[in-house]
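The listed protein sequences correspond, in order, to chains E and A.
Using my numbering, the first residue of the first sequence is number 347, and each one after it goes up by one.
Using my numbering, the first residue of the second sequence is number 1457, and each one after it goes up by one.
To be clear, the hints were calculated from the coordinates, so they are not data collected in a lab.
A hint or two may mislead.
Stated by the list, open to error - Only pairs whose alpha carbons sit at most 30 Å apart, straight line, appear in this in silico DSSO-like list of lysine-lysine: (1) E/Lys481 - A/Lys1699; (2) A/Lys1699 - A/Lys1519; (3) A/Lys1519 - E/Lys583; (4) E/Lys481 - A/Lys1519; (5) E/Lys583 - E/Lys481; (6) E/Lys617 - A/Lys1554.
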Amino acid sequence: MVEQEGIRRYVAHVILWIGIAIVAFPVYVAIVASTQDNALIANGQMSLLPGGHFFEVYYQTIFVGTSGSTREPVANMMLNSLVMAMLIAVGKIAISIISAYGIVYFRFPFRMPIFWIIFITLMLPVEVRIYPTYKIVADLHMLDSYAGLSLPLIASATATLLFRQFFMTVPDELLEASRIDGAGPLRFFWDTLLPLSRTNMAALFVILFILGWNQYLWPLLITTRDDMQTIQVGIRKMITTSDALTEWPVVMATAVLAMLPPVFVVLAMQKLFVRGLVETEK
Amino acid sequence: MQKQAIFQSRLLPFALVAPQLAIVLIFFYWPALQAVIQSFLLQDAFGLSTSFVWFENYVELFKEPAYFEAIVRTFFFSFAIAVSSLSLALLLAVMADKPMRGGTLYRTLLIWPYAVAPPVVGVLWIFMLHPSLGVISRYLRAAGIDWNPLLDSNQAATLIILAAAWKQVSYNFLFFLAGLQAIPRSVMEAAAIDGARPMRRFWTVTFPLLSPTIFFLLVINIVYAFFDTFGIIDTMTRGGPGKATETLVYKVYSDGLLGGNLGGSAAQSVILMVIVIVLTGIQFRFVERKVTY
């Protein structure tokens, strides 16, 4: 622009680095704490430099767990979280893409009412109907199961709307061309529409995986067995009300491990993620 | 909007929508309906008999000062979280929007907290600001502040707001950056040629052009503060001390699970549903058409 931007640009760099420092500080503290001796932390004398217990603490966290209220190894919790997140992401994409296909490419009785029934579920989180949903899942004998963990969270319309919007922008000529080639509706879906939706599906996967991995209230309610609990529930159980019993290095190591998969997914697929986010939420 | 080119089939479309319809009906509408019905029922303490009491649960709820306090508290938290995270995110986005070296690096280093789960956010912050062992608490005490968020309700509320805003900054940053990059350079250059200094350009050109994004993010942030703070609150303060950090969602949880008051908890759920529906309505009405990227 017209001004000499030298100093302004310098200020911008400084402000951004301060922002990054604020954002990173809690995680830095967690990483440092996960390498230190618990007695030192409990005395309030934690150092801001890494300690020497890295391997010991992470070995205990991943394979043994705490000696307190939850004795589950974190590896098992991570597996539960992973299965749940994958089921939510893949399940939601699968049922949403076919229902969006049905709604956009066919005329059938009750098409609009069905669309509205699905549409209304938008944005009403599971938290507001938590106890009735719990009761239904219990009645269906799905407590402590992966189905119970994932199905109620699949029941919303965000993905359907995204695919519907995307299908609307697909040129009609494509369908006519496949029809001339003798393709039926399933063939068109499989050979033409699905490959075109790849980017949308990938972006959605990133968002839904993180959403699933980060679920808390729902798994907290419906898992009673320690071996079914997710990492988010496990970490809360590790913080005991009596401070003396909390093994802070293990808790912090668990926090670091709980952050790794979603943060990795975001960083690896940054471009897709950003685009997907901006498109779905609007 | 309708597609011109479509397929003819009588059963296939039903088969295509059936899985989603089934899941939505069983896991969304059925429980939502149950919540509404339950909110009109009164169950005795042992669950042996229930009676239909019309709006008694709602009346009881609104007679309870604690419920009003939870409403006021929730709105206050939402407002504080939204304002603090939006303003910090806007500042960072304006800085990152300038063409500069390392722009992608900055973006990468700023967006990842979005992916951190609320309970983990809670654990990180309670650890840093724990009264006896927190690393920051040490400095607060040295500065003469009697810091104990586990006993002091204002400090507990501050802690929740800080942690919740910390997580949300990255999300708001992304949307602001997208909004800023959608503003045509030529508009800014025209303002610059007219002699508007950077601060003035920001308030007279950028800010108004960004207002749909701001409004959209305000709604999203309020919904976030309502629901996603549950994990933060539960790991940091469990609603305490007293009820100082108990939000509406937390109250549904604690009344239903710990208090065993199913009717009252259901009535609260229904009120929450209405609030969310209104917020969603506002969002669609005012934002859907106006926000363009």
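Hint by hint, here is what the structure shows:
Distance restraint check for E/Lys481 and A/Lys1699: the Cα-Cα separation of roughly 27 Å lies within the 30 Å cut-off, and the hinted pair is therefore satisfied. The suggested pairing of A/Lys1699 with A/Lys1519 holds, with an alpha-carbon distance near 17 Å, which does not exceed 30 Å. Taken as a hint, the A/Lys1519 and E/Lys583 pair is broken in the structure, with Cα atoms around 35 Å apart against an allowance of 30 Å. Between E/Lys481 and A/Lys1519, the direct Cα distance comes to roughly 28 Å. Compliance with the 30 Å bound is thereby established for this hinted pair.
With a C-alpha separation of about 23 Å, the suggested pairing of E/Lys583 with E/Lys481 holds against the 30 Å cut-off. A distance of roughly 19 Å separates the Cα atoms of E/Lys617 and A/Lys1554; the hinted pair therefore holds under the 30 Å criterion.
Comparing the model with each earlier hint shows a violation of hint 3 alone; every other hint is respected.
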